[in-house]
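In order, the protein sequences belong to chains A, B, C and D. Each residue of the first sequence is one higher than the one before, starting from 1 at the first, in the working numbering. Each residue of the second sequence is one higher than the one before, starting from 1 at the first, in the working numbering. Each residue of the third sequence is one higher than the one before, starting from 1 at the first, in the working numbering. Each residue of the fourth sequence is one higher than the one before, starting from 1 at the first, in the working numbering.
Calculated directly from the structure, the hints in this document are not laboratory data. Small disclaimer: the values here were computed from a predicted structure and weren't measured. Each residue gets a CB set at the ideal place from its N, CA and C atoms; glycine is no exception. Keep in mind that a hint or two might mislead.
Derived Cβ-Cβ restraints for the label pairs, each shown as a range [as the list claims (entries may be wrong)]:
#	chain 1	residue 1	chain 2	residue 2	range
1	A	TRP249	D	SER264	46 to 54 Å
2	B	ASN180	D	ASP275	55 to 63 Å
3	C	THR238	D	ARG34	38 to 46 Å
4	C	GLU47	D	VAL278	44 to 52 Å
5	A	PHE145	C	VAL278	49 to 57 Å
6	A	TYR238	D	ASP8	35 to 43 Å
7	D	GLU271	B	ALA6	56 to 64 Å
Listed below are the residues making up each chain.
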Amino acid sequence: MYIRIAEKVMENPETVTLYFSYEFPSVPGQFVMVDVPGKEEIPVSLSSESSITVKAVGDTTQKMLNLGKGTIVGIRGPYGNGFKAVEGNKLVVGGGIGIAPLRYLVRWLERDIDVVYGVKTVKEFIFFEELRAKNVVFITENGSFGEKGTVIDILESMDLGKYDQIYVCGPEMMIASILNLFEREKILPLTQISVERYMKCGIGICGSCCIDPFGLRVCVEGPVFNGEILKNSEIGKYHRNGSGRKYVWKN
Amino acid sequence: MYIRIAEKVMENPETVTLYFSYEFPSVPGQFVMVDVPGKEEIPVSLSSESSITVKAVGDTTQKMLNLGKGTIVGIRGPYGNGFKAVEGNKLVVGGGIGIAPLRYLVRWLERDIDVVYGVKTVKEFIFFEELRAKNVVFITENGSFGEKGTVIDILESMDLGKYDQIYVCGPEMMIASILNLFEREKILPLTQISVERYMKCGIGICGSCCIDPFGLRVCVEGPVFNGEILKNSEIGKYHRNGSGRKYVWKN
Amino acid sequence: MLEVRIGDMVLENPTVLASGIMGTTVSSLNRIARVAGGVVTKSVTSEPREGFKNPTVVNVNCGILNAVGLSNPSAKLFAQELERYNGEAPLIVSLAGSEEEIPELVSFFPMAQGFELNLSCPHVGSMGAELGSDPELVENICRRVKKRTSKPIFVKLSPNVTDIVEIGRGAERGGADGVVAINTLRAMVIDVEAGKPILSNRIGGLSGKAIKPVAVRCVYELFETLKIPVIGCGGIITWRDAVEFLMAGASAVQIGSGVFYGTSIFKSVIEGIKDFLVRKNLSLEDVIGMAHRN
Amino acid sequence: MLEVRIGDMVLENPTVLASGIMGTTVSSLNRIARVAGGVVTKSVTSEPREGFKNPTVVNVNCGILNAVGLSNPSAKLFAQELERYNGEAPLIVSLAGSEEEIPELVSFFPMAQGFELNLSCPHVGSMGAELGSDPELVENICRRVKKRTSKPIFVKLSPNVTDIVEIGRGAERGGADGVVAINTLRAMVIDVEAGKPILSNRIGGLSGKAIKPVAVRCVYELFETLKIPVIGCGGIITWRDAVEFLMAGASAVQIGSGVFYGTSIFKSVIEGIKDFLVRKNLSLEDVIGMAHRN
Ligand SMILES: Cc1cc2nc3c(=O)[nH]c(=O)nc-3n(C[C@H](O)[C@H](O)[C@H](O)COP(=O)(O)OP(=O)(O)OC[C@H]3O[C@@H](n4cnc5c(N)ncnc54)[C@H](O)[C@@H]3O)c2cc1C
Ligand SMILES: Cc1cc2nc3c(=O)[nH]c(=O)nc-3n(C[C@H](O)[C@H](O)[C@H](O)COP(=O)(O)OP(=O)(O)OC[C@H]3O[C@@H](n4cnc5c(N)ncnc54)[C@H](O)[C@@H]3O)c2cc1C
Ligand SMILES: Cc1cc2nc3c(=O)[nH]c(=O)nc-3n(C[C@H](O)[C@H](O)[C@H](O)COP(=O)(O)O)c2cc1C
Ligand SMILES: Cc1cc2nc3c(=O)[nH]c(=O)nc-3n(C[C@H](O)[C@H](O)[C@H](O)COP(=O)(O)O)c2cc1C
Ligand code: FES
Ligand code: FES
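In isolation and in its complexed conformation, chain A is listed as follows:
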């Protein structure tokens, strides 16, 4: 599908939200493959029914920051499983750009949600006004706003036992620490964690997004997995690039 950018919002100097005048039939946690003119096609989560939010980390994402309103981009999807809604108390945990799909999730879950949202410095916060209306703990590593520390620091200080479900998205090292914490707390089964892997097809055939040891495809069986499935997986240990070559995460 080729679709025009209807609106463009710079969330911070390195993050943009692109709005389309089209609502993707979707649930939060699902992603689309976005073909950026002149650059590559990359997977990006929906940050609402009709938007994506991208942080510039390389060539393609940088280019996306500079796409003008009205530009036509190629979009395939939505793909993947997405988050599942549950009844009861819910905690949403986001780190960095990982807040993008969680913003859609928070809108969708509507109530009984606490949010923990950590970034490095205050300038990185996005969807700030929207989230602030919710029950949110803002965290910065340098203490420039909200609590000082990492998301893990805060989670360790919280009573996680009171939540019926915990939703997580963020950098892989944060997820790795969270998996350890949740294991210690014996709450892995109550978690839904979104992860990222290198993707080509997005539709479950090329195999590039498979994670060890079960060969689960992040694009089909994921990107949202139960914490138990991820605990003894490659997540936090290594990942693969487009050739399938393994790269061990440097902590």
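Following the hints, put chains B, C and D with the ligands in place on chain A, whose structure we already have.
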């Protein structure tokens, strides 16, 4: 679609009705392409929602007489436009095996129908019991049953003006005479006449069933045409074989 | 706005009826000529051909499979048929046969405005292979046909070759005024209930939706190398399909199996192309070959 | 009931995972091996290859178009990966590269139970053409690989040739234990809004539903001439599709794009074939090549 012959009824020594345990979504006048194992694929009208009735005139039709119950035949279709129902007094005119689609039509129209049905000798009548329950004039050329003469003879003696619609199917020479008669009676616009042409695809692409001068495809725009369209056409004059070569009808 | 010129031939719009589709009688050609930019007849041979037994044409998943077997009443009888052509769009007569036969056929058709050489028939002599898979043969046939006529000639290319561009080059060297890509893909469908191929000829040619990406690729490759115009054909159903072919480099497009969806397909493709050009503020020339420039 | 023997290789059932589909990591191969009769890995080369930029795989009408570009982490790294293969079905390693490179790759894979030679990559030296379009070259490569291994080897055939049987014969002469037909059809899809080909590599390979009739025809033709087994591949989604291939002469079938419909496709094809055999009171041997006898 491949479908099993559920029931087989010999209507007379050279005509068989094959019943399938499947009701074709169809209207009377539509036909199917029937692929007879070991022989050719030929067009045959539906004689009910779930049957075809075939007269042995050559290799393939002869073979069909001998197909056993349970045999699997290939069927494509239903194709073509079929008859249209109208309100009011209806006359159904059949000659020879042309009664096959008309039997389905008579069942479908249900009421306000007169039928004129002519054959050469009494042995040729098919669906006799079923039709006799209706208001039918049976005709034989040799007078062995019913009125003696041709269908035309009888039609000429009737008050055709009282009918709101006249449906016709039968041998091409009969149709040619009927077209002349209807023209004289100025009732061509009130007629629906089913014709036959050599067919290959049945789906409107090969062009083998096209009739001059408008290039109408019997398999798509037909086989049922308004009499006005047929009046100055090739019908009754010539037809083509599989190579497209013209053959002038010998009267 | 949609007029195209291919060699000396002017088409009012870039849609052309493909060979073998409603091309057996002049009245069906007349019918399509009222809308299409041009019409190509069913391929004709010097001798009459009954063709294969039915089934000869069947619907398959995503397309149509056919093995009609070049049925035609002979060039002589078909020429009589074509005398009543209404002339509402250029008439292209499709010729088939051996290297010797094809050039002989030209003189039968004074009413033709061009000829299309269908070289996808079995090569007399070298069993099974097609005339159209030998670039030298293609070149020679073109030369011989060109000697017989000053009207534009087009070579209909088969996709069943290792390198379609090589064959296209042969046509160009031989003086062809354009190539048409593509004819059908060799294919087969087996009925699992009957345990045998559905077509009486077993192997047939696949057309329709299924072959469009192959056809677009062929047009793209030919456009890159050839100087003569390329006419696209294969799986065109909507205006989008047609535009894809134009962007790949086709100067015009032929529609075959798409007629299954109705003879109004020409109208809808034409209108769709028009709307597209207006919406994008482009001319037809801008669009032709655009994918090579982007 | 569904066991097949191809050369020395015994498959518990005739469904095999096609190369390049979920074949990059051993864990995904392990996953499929639990159901399928065999698995083929992603093609591997001597040097690591990043492959083409995304988009490399897109859904098209009736199929999938891909130009992944043989991305792989190199034979050496991939062999390390495969050490953890669970052995639940024969593992066939797909090898790609030049005439010289391919035979060298064999020794990296002691865990392989067979090799598939993917000869559809550009022929080093003769620009653009594929190794797999030259029967002599195919014969030579097979001979060279056979010298390195006593395990069965299969040649994956390209349909983008004038005569696939000729290539199959080359493989047979070279000592191949079977051929796999077919790899993807050269194809292209252009996005009309952007005015350019969708794949970053522009031209890609078409797979899925669209190519099934072409693949069935190839298998049929190969079975008629070759003595070695033919493995069918191309557009298999349902058990009916698989049976069509068996009837055309395939001893086993590979499933690629069909995995799009779920990894359970193997199970459903296997169960469907079983039901069919029971219903028709036939053995697998009865069905293989049946369309040639009917
Ligand atoms: C399911 C999923 C959802 C995502 N959602 C978002 C989102 O909402 N917002 C956002 O900003 N980013 C998101 N990403 C990450 C985003 O895809 C990468 O940031 C982007 O691909 C980087 O491309 P680049 O060309 O700018 O950088 P590059 O310099 O090419 O790559 C930077 C890093 O991005 C990753 N990456 C590159 N290409 C791919 C690819 N094809 N598939 C997966 N990862 C890749 C690699 O880890 C690479 O090292 C998501 C990724 C996945 C898998
Ligand atoms: C729309 C339509 C509906 C028909 N409905 C019936 C029906 O309900 N019952 C019935 O008995 N017959 C019907 N027919 C006629 C039937 O198709 C022919 O009788 C049959 O094709 C003869 O085939 P054969 O091999 O037995 O004889 P052949 O010896 O092959 O042919 C005898 C004659 O049948 C006609 N014929 C042969 N092949 C075809 C073909 N492919 N398409 C059209 N005509 C052909 C030709 O006029 C030929 O001269 C219908 C025909 C058409 C076009
Ligand atoms: C029933 C049928 C008959 C055909 N007959 C011919 C023919 O006589 N000569 C020819 O060159 N091509 C013939 N073709 C091929 C078409 O002209 C066209 O090249 C092909 O079908 C691909 O286009 P499409 O997908 O639009 O149908 C025939 C195709 C069909 C479906
Ligand atoms: C994404 C993708 C990647 C592929 N990679 C390879 C490959 O590396 N080697 C190979 O021989 N075939 C490769 N193929 C071709 C498939 O193995 C198969 O031959 C083809 O897709 C036709 O089968 P299908 O219609 O079942 O997919 C690939 C196909 C796809 C769709
Ligand atoms: S991206 Fe291809 S399988 Fe997930
Ligand atoms: S039978 Fe082919 S067009 Fe009517």
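Legend entry - Unsatisfied constraints (hint numbers, rising): 1 and 7
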